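Student: Here is what each chain is made of, one letter per residue.
Protein chains: 2
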Amino acid sequence: MQWTKVLGLGLGAAAFLGLGIILGHFAIPKEASSPAPQDLDLQILETVMGQLNASRIRENLRELSREPHVATSPRDEDLVQLLLQRWRDPESGLDSAEASNYEVLLSFPSQEQPNLVHVVGPTGDIIYSCRQTEENLTGEQGGPDVVQPYAAYAPPGSPQAVNAAKHRVAAVLVYTDPADINDGLSSPSETFPNSWYLPPSGVERGSYYEYFGDPLTPYLPAIPSSFRLDLANVSGFPPIPTQPIGFQDARDLLCNLDGTLAPTTWQGALGCSYRLGPGFLPNGDFPADSQVNVSVHNRLELRNSSNVLGIIRGAVEPDRYVLYGNHRDSWVHGAVDPSSGTAVLLELSRVLGTLLKKGTWRPRRSIVFASWGAEEFGLIGSTEFTEEFFNKLQERTVAYINVDISVFANATLRVQGTPPVQSVVFSATKEIRSPGPGNLSIYDNWIRYFNRSSPVYGLVPSLGSLGAGSDYAPFIHFLGISSMDLAYTYDRSKTSARIYPTYHTAFDTFDYVDKFLDPGFGSHQAVAQTAGSVILRLSDSFFLPLNVSDYSETLLSFLQAAQQDLGALLEQHSISLGPLVAAVEKFDAEAAALGERISTLQNGSPDPLQVRMLNDQLMLLERTFLNPRAFPEERYYSHVLWAPRTGSVATFPGLSNACSRARDTAPGSEAWAEVQRQISIVVMALEGAAATLRPVADL
Amino acid sequence: MQWTKVLGLGLGAAAFLGLGIILGHFAIPKEASSPAPQDLDLQILETVMGQLNASRIRENLRELSREPHVATSPRDEDLVQLLLQRWRDPESGLDSAEASNYEVLLSFPSQEQPNLVHVVGPTGDIIYSCRQTEENLTGEQGGPDVVQPYAAYAPPGSPQAVNAAKHRVAAVLVYTDPADINDGLSSPSETFPNSWYLPPSGVERGSYYEYFGDPLTPYLPAIPSSFRLDLANVSGFPPIPTQPIGFQDARDLLCNLDGTLAPTTWQGALGCSYRLGPGFLPNGDFPADSQVNVSVHNRLELRNSSNVLGIIRGAVEPDRYVLYGNHRDSWVHGAVDPSSGTAVLLELSRVLGTLLKKGTWRPRRSIVFASWGAEEFGLIGSTEFTEEFFNKLQERTVAYINVDISVFANATLRVQGTPPVQSVVFSATKEIRSPGPGNLSIYDNWIRYFNRSSPVYGLVPSLGSLGAGSDYAPFIHFLGISSMDLAYTYDRSKTSARIYPTYHTAFDTFDYVDKFLDPGFGSHQAVAQTAGSVILRLSDSFFLPLNVSDYSETLLSFLQAAQQDLGALLEQHSISLGPLVAAVEKFDAEAAALGERISTLQNGSPDPLQVRMLNDQLMLLERTFLNPRAFPEERYYSHVLWAPRTGSVATFPGLSNACSRARDTAPGSEAWAEVQRQISIVVMALEGAAATLRPVADL
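So the sequences go chain by chain: A and B. Take 1 as the starting number for the first sequence in full-length UniProt numbering and just add one per residue. Take 1 as the starting number for the second sequence in full-length UniProt numbering and just add one per residue.
Everything labelled a hint here was simulated from the structure, so no lab data went into it. Since this is a predicted model, take the numbers as computed values, not measurements. Please note that a few of the clues may not be correct.
[Claimed, not checked] Going by beta-carbon spacing under 10 Å, a handful of chain B positions derived as facing chain A: (1) D95; (2) G310; (3) P608; (4) L620; (5) R694.
In this text, a Cβ means the ideal position worked out from N, Cα and C, and glycines have one as well.
Given only the sequences and the hints, what does the whole structure look like? Please build it.
Tutor: Next up, the structure:
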C-alpha cells in the first residue's frame with residue numbers, strides 16, 4: 001500500500017411436446033431447448049468458502065515475508081518465480097500465467113554513501129548523528145537487503161541549516177509521532193517486539209513522487225522502446241532533499257529546538273513542547289547555534305519490474321474479465337504490506353485452481369489474477385499495465401478487486417469502492433461468518449463499525465471512496481472500471497493509530513502479524529472468503545451483480561451538498577444548478593427503469609444474448625463518467641465523480657475545486673467560467689450515463 | 001459537403017438419437033437444437049436492390065430542393081417535419097423517429113446591410129461594384145431565401161486597400177477560377193443553364209471556421225445549458241474580413257491589377273495575365289491609384305439546429321448500431337449538396353421501412369438513420385451528436401456510413417473509408433449492375449477509374465482516406481468508428497473541375513441535376529443500392545463483415561514510407577524504427593490469426609455468444625487507434641492513423657508531422673523528442689490493437 005492521497009469522500013424447457021419421432025425435435029422452440037444458462041453455483045461457492053484455509057495463508061505469509069523484497073530486488077524476482085510456479089502447478093494452478101516486464105525509473109539510497117542526518121556544532125564538528133538504520137530488535141532488521149530508510153525520489157543534496165524560514169526551506173525531515181502512530185506510547189518496553197507499536201528507531205519509508213506510474217513514461221507503457229522524458233522535464237519529484245527519521249531521533253532534534261511554540265495541533269507525544277525554531281535551546285543538548293546537516297544520496301535507476309498475470313479462462317464469456325490484484329513488492333519484509341494480501345491471493349488461486357484442474361468448475365467469465373510490481377514507488381506496475389492494455393481492459397473488464405494489505409487489524413471488514421459494487425459485497429459478506437467471538441456474519445460485524453443510513457436501504461455498512469492509495473487507482477481513475485479495495489481493519493475505539501504502527505518499517509515481519517495483528521489468521525481467512533465470494537459472484541452470475549442504481553444515492557448527496565453549500569454563491573454569479581438537478585433525476589429514473597427491466601427478464605427465460613446486452617450496460621456504466629479532458633492538470637484522473645477533491649464541499653470534485661478557486665475572484669472571471677464548464681462536464685457525463693442505461697434501441 | 005481539409009492519404013445437429021420418448025429431448029446437445037442464427041438473407045437483399053427506385057429518388061430530390069434550406073431556416077425546419085413524417089409513416093416508416101435540437105453559433109450575412117466589394121476612385125467615388133447576388137438565370141436565384149454569397153464566420157469590417165503587402169493583408173477576396181472549376185470555359189453560352197459549368201456570376205459560399213462542431217462548445221454538446229466560450233476565447237475564425245465573389249467580378253479586378261507577374265501556377269483562365277499588384281494598370285479600367293473597399297457585415301447568431309434520427313430496432317442485437325447519415329442543410333437549394341444524398345436516404349428508409357412494416361424483415365442489429373443539421377457551417381449537427389452520446393456510440397456502433405453528395409457526376413463509384421470496410425463495399429458492389437452502357441457491375445466499372453495493386457488481392461478498386469469534408473469526421477477522428485463515404489463521381493479524363501461546378505452556388509438546382517449531372521437518376525440509384533447493400537450486410541450478417549486484416553496493407557505502406565523517406569534522417573538522430581516494425585508485424589500476425597479463427601468458426605456451428613465476442617473484437621479494433629492525448633493541439637483528432645498530415649511523407653501522421661517540424665532543429669531538441677514520442681504513441685496503439693485481436697483469454 002502506498003501513502004494515501006486524500007480524495008473526495010463518498011460511499012462509497014422444457015415445455016415442448018414430444019411425439020416420439022426424431023423429426024419432431026426440429027420444431028422445439030429455442031428457449032425451451034437450451035440448457036439452463038450457466039449461473040452462480042451455490043454449492044461451488046460453499047466449497048470455495050470451506051476450502052480457504054487460514055493455516056495455508058499463514059504458511060504463504062511466512063514464505064513471502066521471509067526476506068526483504070523491495071521492488072526489482074533479487075528476492076522480488078524470486079517471488080515472481082514462486083507465483084509462476086504456483087499458478088502453473090498442474091494440480092492447483094490456473095490455465096496460464098506469465099510474467100511481464102517494464103523498464104521503470106525507481107529511486108534508491110546509495111549503498112556506498114548512506115543518507116545522513118547530523119547536528120553540527122558551531123566549530124563544524126559533528127556532535128550528533130541520527131541512526132542510519134533501524135535497531136536490530138528481532139534479528140531481521142540488520143541484513144544487507146534491508147533498504148536504508150529514505151524518501152524515494154527525493155533529490156540528492158547536503159544542505160545545512162536549522163529550520164530555515166518559510167520559503168527558504170533547505171531540506172525536509174519527516175518522522176511519525178507516537179501521538180499519531182502509537183496511541184502516545186514510545187518506550188521500548190511498550191513497543192515492538194513487546195507490543196504492536198512502533199519502536200523508537202522505526203522509520204517509515206515511502207515514495208514522495210506526486211503522481212503515479214513510471215515517472216519517465218506518462219501515458220505510455222514503460223516498454224524498453226518507449227519514449228522517455230528527459231529528467232529535466234519530469235514533474236512531481238520533491239524539490240529539495242528529504243529524509244525520514246525515527247521518533248527517537250526526532251525527539252532529540254525537536255525537543256531541543258528553540259523559538260515560539262508550535263500550534264497546539266502540531267504538538268505530539270515526544271514528551272516536550274514542540275517549538276518552531278530557529279536555533280536550538282540555550283540549555284539543551286546542543287550549542288544554540290548548532291545546525292542540522294542533511295545528506296541525501298538517493299539515486300534514480302532504470303530497473304526492470306515484473307507483473308505476474310494468471311488467468312482462468314471463462315467457459316461462456318471468456319472476453320469478460322474479473323480482475324483481482326495485489327502488489328508484490330515491499331519496502332522491507334513487508335509481512336503486512338503487501339504480503340498479507342499476496343498470501344490471500346495465493347490461497348484463493350490455489351482453491352479455485354484446484355477446482356479448475358479437477359474439472360469440477362470453470363467460471364462463466366474469465367478471472368485474471370495479478371501480482372503488481374513496484375507499487376511502493378507509485379503504483380507503477382498496475383499503471384503501466386493499464387497504459388499498455390488500455391482499450392482491451394476498458395472494453396472487457398467487469399470489475400477490479402484490489403487486496404493490498406489484507407489485514408491492518410482484526411476487528412472488522414473495511415471496503416472502499418464505487419457504488420455499483422456495494423450490493424455484491426453485501427451479498428457476499430452476509431453469508432460468511434465473521435472471525436472472532438460471537439456468531440455474526442462479516443456483514444453484521446462490519447455494520448457495527450462502519451455504517452450509514454441509506455435513504456433506500458436503511459442502516460447499511462458504509463463503503464469508503466477510492467483515493468489513490470493502491471493499485472485500484474489507475475483502474476478507477478484512468479480506465480473507469482468499477483473497483484473495490486478490501487481489508488480487515490481496526491476497532492477505532494481501541495486505537496487512533498493512523499495506520500498499523502510498523503507500516504513501511506523493518507519491523508513489519510511475519511512474527512508481527514502472527515503475534516499482534518492476526519493470531520490464528522482468522523481475519524486473513526475472512527478477507528480471502530470475502531474476495532473469493534465476490535469474485536465468484538462477478539464471474540459466475542448470469543446477470544452481473546453490479547447495482548448501478550446505487551449510484552443515485554451518491555449523486556443525490558453530491559447534489560444536495562452543492563445546493564446547500566454552494567447554491568447561494570452560485571446564484572450570486574447567475575450560475576444555475578438546474579441542469580445538474582435535471583441530469584441527476586434523469587439518471588435516477590433511467591437506473592430505476594433498468595432495474596425493473598432486469599427483474600422482469602430474471603423472471604422470464606432470457607436468452608444469453610439478451611442478458612449479455614444488459615450486462616454490457618451495467619459493466620460500461622462506469623466508463624460513461626470518464627472524461628479525459630475534464631481535468632487536464634490532474635494526470636490520469638478522468639473520472640468526473642472520483643477525481644481528487646481539494647475544495648471543501650463534498651460534491652462533484654470538478655465543481656468543488658472550481659468553486660474554491662473562483663470564490664475570491666471577480667464576477668465574470670475565467671475562474672467563474674471554469675465553474676460553469678465543470679457543471680457542464682458533469683451534466684454531460686450524467687446525461688451520457690442515463691443514455692447508456694436506456695433501452696438500447698431508444699433514440 | 002463541406003470544403004475539404006486535406007488529410008493523410010491511405011486506402012483505406014442434429015446428430016442426436018431419438019428414442020421416441022419425451023425425456024430423450026433433454027439430452028439433445030445445445031448446438032443441435034438451436035435454430036440457425038439470423039444471418040444475411042440474400043432474398044431480402046435482392047428485394048431491397050430491386051425496390052430502390054430511380055424515379056422516386058428523383059421525386060424526393062425535386063421536393064427537397066424546391067426551396068433554399070440553409071441551416072435553421074424555416075424551410076430547413078419544414079424538411080425536419082418532412083423527414084419525421086416519412087419516418088413515422090405507418091406503412092413505410094421506421095420503428096421510431098425523433099428530432100433533437102442544439103443551440104449553435106452560426107454566421108449569416110446581414111439582410112439589411114449586404115456585404116459589398118467596390119472599387120473606389122482616387123476622389124473617393126465608387127467606380128465599380130461587384131455583384132451582390134448571382135444572376136437570376138433560371139428564376140431560382142432571385143428569391144428572398146437565397147442567402148447572399150459570403151464567407152461564414154469571417155468577421156465584419158470595411159477595410160480599403162489594394163493588395164496590401166504580405167503581413168499587412170486587410171481583407172481577402174475569394175473566387176473560383178474557370179481553370180479550376182470550368183475546364184477553362186467562362187462565357188455565358190458555355191455555362192449553366194447551357195452546360196453544367198459555373199456561370200460568370202456564380203459564387204461559392206462556405207464556412208471559414210478552422211475546426212468543426214459548434215464553435216462555442218468544443219467537446220460539449222450544444223444543449224442550452226452547456227457552458228459556452230466567450231467570443232473572445234474562440235479560436236479558429238478568420239482574422240480579417242473575407243468575401244467570395246464570382247469569376248466575372250474577379251476578372252474585372254484581377255485583369256486590371258498592376259505589378260509583377262504572378263507565378264505560372266497562379267495563372268488561370270480569365271483571359272489575362274495575373275499580376276500581384278500593388279495598384280491598378282495605368283491603362284486599365286480604373287485609375288491606377290484606385291482602391292478596393294470590402295464591407296463585410298456578417299453576424300454571429302445563436303440558432304436552433306435540428307438533427308433527425310430514426311431507428312429500425314435490431315431483432316437479435318439491438319445494441320449494435322449501423323449508422324447511416326446525411327446532412328440536410330444546404331447553402332441555397334442544394335440539389336446536389338446535400339439533397340442528392342437526402343433523396344437517397346429517404347428512398348432507402350422507404351424500402352427498408354416498408355419491409356419492416358409488412359413484417360417481412362427486421363435486421364439482426366439496429367439501423368440508425370440520421371439527418372444532420374448545420375453541416376455546412378462545420379459538421380455541427382453530427383459533431384454535437386457525437387459529443388452528447390460519446391460513450392454509447394463508441395461502445396455500440398458497428399460502422400458509420402455517410403452519403404453527403406450522392407452524385408458529383410455519373411461516371412463511377414468513389415469510396416473513402418477505413419480499411420476494414422473495404423471488403424463489405426467490394427462484396428456489395430460486385431453484385432450490383434452499374435448504370436450506363438455495358439453490363440458491368442459497379443465494382444468492375446469502379447476499378448476502371450480508381451485502382452491500385454494490392455499485395456494481397458492484386459488489382460482492386462482503391463478507396464480514398466477520410467479527411468474532414470463531411471459528417472464522417474467526428475465518427476472516425478473523434479470516436480474511432482469505422483466509417484465510409486459513398487458517392488458517384490467524375491470521369492477525370494473528361495473534366496478537371498475541382499468539384500461539380502455549381503457547388504455551393506444558387507445554380508445547384510433540381511434541373512441542374514436532372515439535366516446535367518444524372519439524367520434518369522441511374523447514378524443516384526446505384527449509390528442507393530450500394531449503401532443499401534452495405535447497410536444490410538453490416539446489420540444482418542451473423543459474422544460482421546469488417547475485415548480487420550485489411551489494415552495491414554495500410555500499416556505496411558506507412559511503415560515503408562517511413563523507412564524509405566525518413567529512415568536515414570531518423571538514424572542520424574539515433575531514432576530507431578525497429579519497435580514500429582515489430583509492432584506492425586505483430587498486428588499483421590494477430591489479424592491473420594484472427595481471420596483463421598473466424599474461418600474455422602464459420603465452418604462449425606458457433607453459438608451466438610461466441611460470434612458476438614468475435615464481432616466485438618472486429619467492431620472495437622478501430623477504437624484501439626484512438627488516443628486523445630496524441631495530438632492535443634488538433635481539436636477532435638484522436639485517430640493516430642488518420643489525423644491530419646501536414647508533413648510530406650505519407651506515413652503515420654504524428655510521425656510525419658513531427659519529423660517536418662524537427663527537420664531543421666538541432667539534435668536533441670524538443671522537436672526530436674516529439675518525434676520519439678510520436679513513434680511510441682503509434683507503437684502503443686498498434687500493440688494495443690494486436691492485443692485486442694488475440695484470443696480473448698490469452699494474457
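Student: Of the hints given before, which are not true for this structure?
Tutor: The structure breaks none of the hints.
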